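The listed protein sequences correspond, in order, to chains A and B.
Under the working numbering, the first residue of the first sequence is numbered 1, with each subsequent residue one higher.
Under the working numbering, the first residue of the second sequence is numbered 1001, with each subsequent residue one higher.
Check the hints yourself; a few may be wrong.
Simulated pairs of lysine-lysine, BS3-like, Cα-Cα distance not exceeding 30 Å [as the list claims (entries may be wrong)]:
{"id": "1", "chain 1": "A", "residue 1": "Lys-83", "chain 2": "B", "residue 2": "Lys-1178"}
{"id": "2", "chain 1": "B", "residue 1": "Lys-1144", "chain 2": "B", "residue 2": "Lys-1217"}
{"id": "3", "chain 1": "B", "residue 1": "Lys-1401", "chain 2": "B", "residue 2": "Lys-1433"}
{"id": "4", "chain 1": "B", "residue 1": "Lys-1089", "chain 2": "B", "residue 2": "Lys-1185"}
{"id": "5", "chain 1": "A", "residue 1": "Lys-81", "chain 2": "B", "residue 2": "Lys-1184"}
{"id": "6", "chain 1": "B", "residue 1": "Lys-1374", "chain 2": "B", "residue 2": "Lys-1385"}
{"id": "7", "chain 1": "B", "residue 1": "Lys-1178", "chain 2": "A", "residue 2": "Lys-258"}
{"id": "8", "chain 1": "A", "residue 1": "Lys-64", "chain 2": "B", "residue 2": "Lys-1385"}
{"id": "9", "chain 1": "A", "residue 1": "Lys-83", "chain 2": "B", "residue 2": "Lys-1224"}
{"id": "10", "chain 1": "B", "residue 1": "Lys-1385", "chain 2": "A", "residue 2": "Lys-77"}
{"id": "11", "chain 1": "A", "residue 1": "Lys-66", "chain 2": "A", "residue 2": "Lys-77"}
{"id": "12", "chain 1": "B", "residue 1": "Lys-1385", "chain 2": "B", "residue 2": "Lys-1171"}
{"id": "13", "chain 1": "A", "residue 1": "Lys-83", "chain 2": "B", "residue 2": "Lys-1401"}
{"id": "14", "chain 1": "A", "residue 1": "Lys-58", "chain 2": "B", "residue 2": "Lys-1342"}
{"id": "15", "chain 1": "B", "residue 1": "Lys-1433", "chain 2": "A", "residue 2": "Lys-81"}
{"id": "16", "chain 1": "B", "residue 1": "Lys-1178", "chain 2": "B", "residue 2": "Lys-1254"}
{"id": "17", "chain 1": "B", "residue 1": "Lys-1342", "chain 2": "A", "residue 2": "Lys-64"}
{"id": "18", "chain 1": "B", "residue 1": "Lys-1224", "chain 2": "B", "residue 2": "Lys-1178"}
{"id": "19", "chain 1": "A", "residue 1": "Lys-81", "chain 2": "B", "residue 2": "Lys-1408"}
{"id": "20", "chain 1": "B", "residue 1": "Lys-1298", "chain 2": "B", "residue 2": "Lys-1144"}
{"id": "21", "chain 1": "B", "residue 1": "Lys-1393", "chain 2": "A", "residue 2": "Lys-183"}
{"id": "22", "chain 1": "B", "residue 1": "Lys-1400", "chain 2": "B", "residue 2": "Lys-1341"}
{"id": "23", "chain 1": "B", "residue 1": "Lys-1247", "chain 2": "B", "residue 2": "Lys-1374"}
{"id": "24", "chain 1": "A", "residue 1": "Lys-81", "chain 2": "B", "residue 2": "Lys-1393"}
{"id": "25", "chain 1": "A", "residue 1": "Lys-81", "chain 2": "B", "residue 2": "Lys-1185"}
{"id": "26", "chain 1": "A", "residue 1": "Lys-81", "chain 2": "B", "residue 2": "Lys-1385"}
{"id": "27", "chain 1": "A", "residue 1": "Lys-81", "chain 2": "B", "residue 2": "Lys-1400"}
{"id": "28", "chain 1": "A", "residue 1": "Lys-183", "chain 2": "B", "residue 2": "Lys-1400"}
If you're looking for bench data, these hints aren't it; they were derived computationally from the structure.
Since the model is a prediction, treat every value here as computed from it, not as a measurement.
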Amino acid sequence: MVAFPYYPIGNSLYNVALSLFIPTIFFFFAGATYRIGRYLITYHSPLDVNPSMPLRGKVSGGEKIKDLVNTVANSSKVGAKRKPITTIVGLLMHLTLILIIFLLAQHMIFWAYYIPPYSALFPLAIPESAEDGLLALTMPGHPTTTMAYTFVNDIWGPLTVILNGQILTYLLMVFLAIYLAHKFYALAERLVIRAGDWWFFLLLFIDVVLGFLASSHIPNNVTWYDNLLGAHILVAEIIIATLPFTRGFHMFEFWFGKVREWYFMTFRRGAK
Amino acid sequence: MSTTITQQIDLEKLKQAIDEVVYTQIDSTILYYVQSCVNCKACEAGCPFSADGLEYSPVNKAEITRQLVRARFTVWGMTIGRVIGGAKKYLKLDEAQTLADYVWHCTDCGSCMFVCPMAIDSGALIELMKQISFKAGIIPKVYKELEDLEVSEKYWDIKEIQDIWNGLINKIGETIGKSVQLDKKNSEILLYSSLYEALVYPDVIIKTAKILDMLGKDWTFMSKPLGIRPPIGIVIGDSEGSVEVMKRIYEYFKEINPKYVIMTSGGYDYPTLRYRMHEILKVKPNYEVAHITEALAKWYEEGEFEIEQLDEVITWHDPCQLSKRGGVIEPPRVLLKALSKKFKELPNHGVNTLCCSGGGGSCSLPSTIENLAKMIGYTLDESDKKFLEDRVKSLKNAGKKKIEEINKIKPQKVLTGCPVCKESIGFSIDYYKADSKVYHIVEILADRIKVKGK
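Could you put together the complete structure from these sequences and hints?
This is the structure:
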């Protein structure tokens, strides 16, 4: 029996995935330019037909800021009141996803490699697990490098018991499953279900599962690890490259939509 | 859905209508509404017609427009989308029937936009469906008849209509004790009213005139209405007809040259005459179109009058077009807080107000439409009757939610600022036997305004 069997370094999906990252970003920007370009080409400058509105008066600066906050918060507030389950699941799903994508320690290293200033966020890093990786309160390590010290001494403190990659991933899988179930419900109700609903959710679900398996070393084998991690990155790259053509792009347009609503109501209508 | 209406569908005509509307109306806003929807169905929570069935939720209704746009303007829609769904160049008969059904299950109240996390106005997409529907001739005949009369101005040839309008002018004169100045140029205020308001709440017009007179304002009234409820074309999908009517209205406003055009209606005509008319005609008005509550709130705050208080629980139903589309939220509350210390907000108010389901695209109470039809000598056929019956079902479903929230705060008086809201909520109060009564705010204020120094 060979204790350390031959491992073909450089011959795994991991390397393929890494080498495709830059082309992925290129595709993303090309797609985003296409999408935004279409908006610009079809844009018509609105005619401001609002007279000085002496009867209604002007909206003050403070009111405008308050309006902006209300505008962004309104849909969640109304949703929580009238459709509490789907709204709360939706909010938690987004929160979990954002935490995992942008603050999971392993992901942060990846982002910081391509975007060096990202390392400024290292103190916010969330450990992969509360039980292993020597990056958590329950199993503190004694780091010898500056980078490891930053991760061990994060600002989350005892919160890392629940605020860690594993727990967040379990939650995310549950929330995504509820979302998928919601889609099946809509299908049963004969409501419109778009191809994009399945495509995006399915890719996301697969990607989360792949990331979970790789980071948990299931199965516990180096070749499997490299391939699973590679597949995880590859699926993420497909998601990123196709973002401008899928519902995933809402992460950028959400802000635009709400600011547009605010402009429409507060500036064009002078809502008071 | 009215089966008789769907039998009229001419698929060739519909194809032509789809091409005409979709190819000419695309702009960045519509593109955003098409591309950015994530199908989260949050808009269900805001739409009054979701109570009729989830298929009437805004995202589901607007999907027809999205599919037609995708088939023409997206790479996916022009290729794979046509095969696997999600993009349609034209509609089959059953899809056309669905379109005809959906367009009359939207009041364009705007709720979907404020509830949508992406701020998508599904009403704007359904309006495109309405234009397609109109061009393809899929429209309740009674609405077409009323609009034709309005566009051609022939409504004024009907003696009964003239009598109603002239009777209103006489009653205003009797109330203020002098003859009414008609079409007086350069007046500070033009009191604007449509024939519809003269029909459903003449008292509100008379009391508004009384208030203006009490306050010593320089005001004038119209010698004849500018339409039945102009421009009807906006709500039934006739963009060309509505432009003709808007031109007529704008010319009249320009000729009279008032400082303020004051209206008592907070229905679709408010945002149309205030904003949309000028946007479509590309003109900058030198007058301000305002709802009566905007004017009264301003004059009250400036100390022109006091308000004798009521010792009753009152509440305010925000008309959708006045609040969501028009941005008038605060002025009525200035007056209501002065009117009663027991003013209470409805659980859903402001931009989140629950629509009464009677306005915009639904065009009022079926009984009012029947009366109008009778007046113009139009006999409702079976398809019209079936269509109006379906409207009653929606009014009951939406009204139930409204009455439930009214009952939560148990007001003696529900005040509002729109003729259709007043009618629809009045209908629901009667149907569900609620203890409240509904009034236009002017009906209560007119007798409680005390002009300082008088």
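_For Lys-1401(B) and Lys-1433(B), compute the direct alpha-carbon distance and say whether it is at most 30 Å._
Given pair Lys-1401(B), Lys-1433(B) holds - Cα atoms ~14 Å apart, limit 30 Å.
*Take the C-alpha atoms of Lys-1298(B) and Lys-1144(B), compute the straight-line distance between them, and say whether it is at most 30 Å.*
violated (39 Å)
*For the pair we were handed, Lys-81(A) and Lys-1185(B), check the Cα-Cα distance against 30 Å.*
With a Cα-Cα distance of about 51 Å, the restraint between Lys-81(A) and Lys-1185(B) is violated, given a limit of 30 Å.
_With the threshold set at 30 Å, check whether the alpha-carbon distance from Lys-1374(B) to Lys-1385(B) stays at or below it._
holds (13 Å)
*asked:* Next pair to validate is Lys-1089(B) with Lys-1185(B); report whether the Cα-Cα distance is within 30 Å.
replied: violated (52 Å)
_Run the distance test for Lys-1400(B) versus Lys-1341(B): straight-line Cα separation, threshold 30 Å._
At roughly 27 Å apart (the allowed maximum being 30 Å), Lys-1341(B) and Lys-1400(B) satisfy the hint.
_Does Lys-1178(B) sit within 30 Å of Lys-1224(B), going by the straight-line distance between their CA atoms?_
Distance of about 19 Å is within 30 Å: holds.
*asked:* For Lys-58(A) and Lys-1342(B), compute the direct alpha-carbon distance and say whether it is at most 30 Å.
replied: holds (28 Å)
*Taking 30 Å as the top limit, are the C-alpha atoms of Lys-1385(B) and Lys-77(A) close enough?*
Not OK: Lys-1385(B) and Lys-77(A) at ~40 Å, beyond 30 Å, violated.
*Sort out whether Lys-1385(B) lies within 30 Å of Lys-64(A), counting only the CA atoms.*
The given pair, whose Cα atoms are some 48 Å apart, is violated under the 30 Å limit.
*For the pair we were handed, Lys-81(A) and Lys-1400(B), check the Cα-Cα distance against 30 Å.*
The given pair, whose Cα atoms are some 18 Å apart, holds under the 30 Å limit.
*Has the given pair, Lys-66(A) with Lys-77(A), been kept, meaning a C-alpha gap of at most 30 Å?*
holds (15 Å)
Hint check: violations occur at hints 1, 2, 4, 5, 7, 8, 9, 10, 12, 20, 25, 26; the rest are consistent with the structure.
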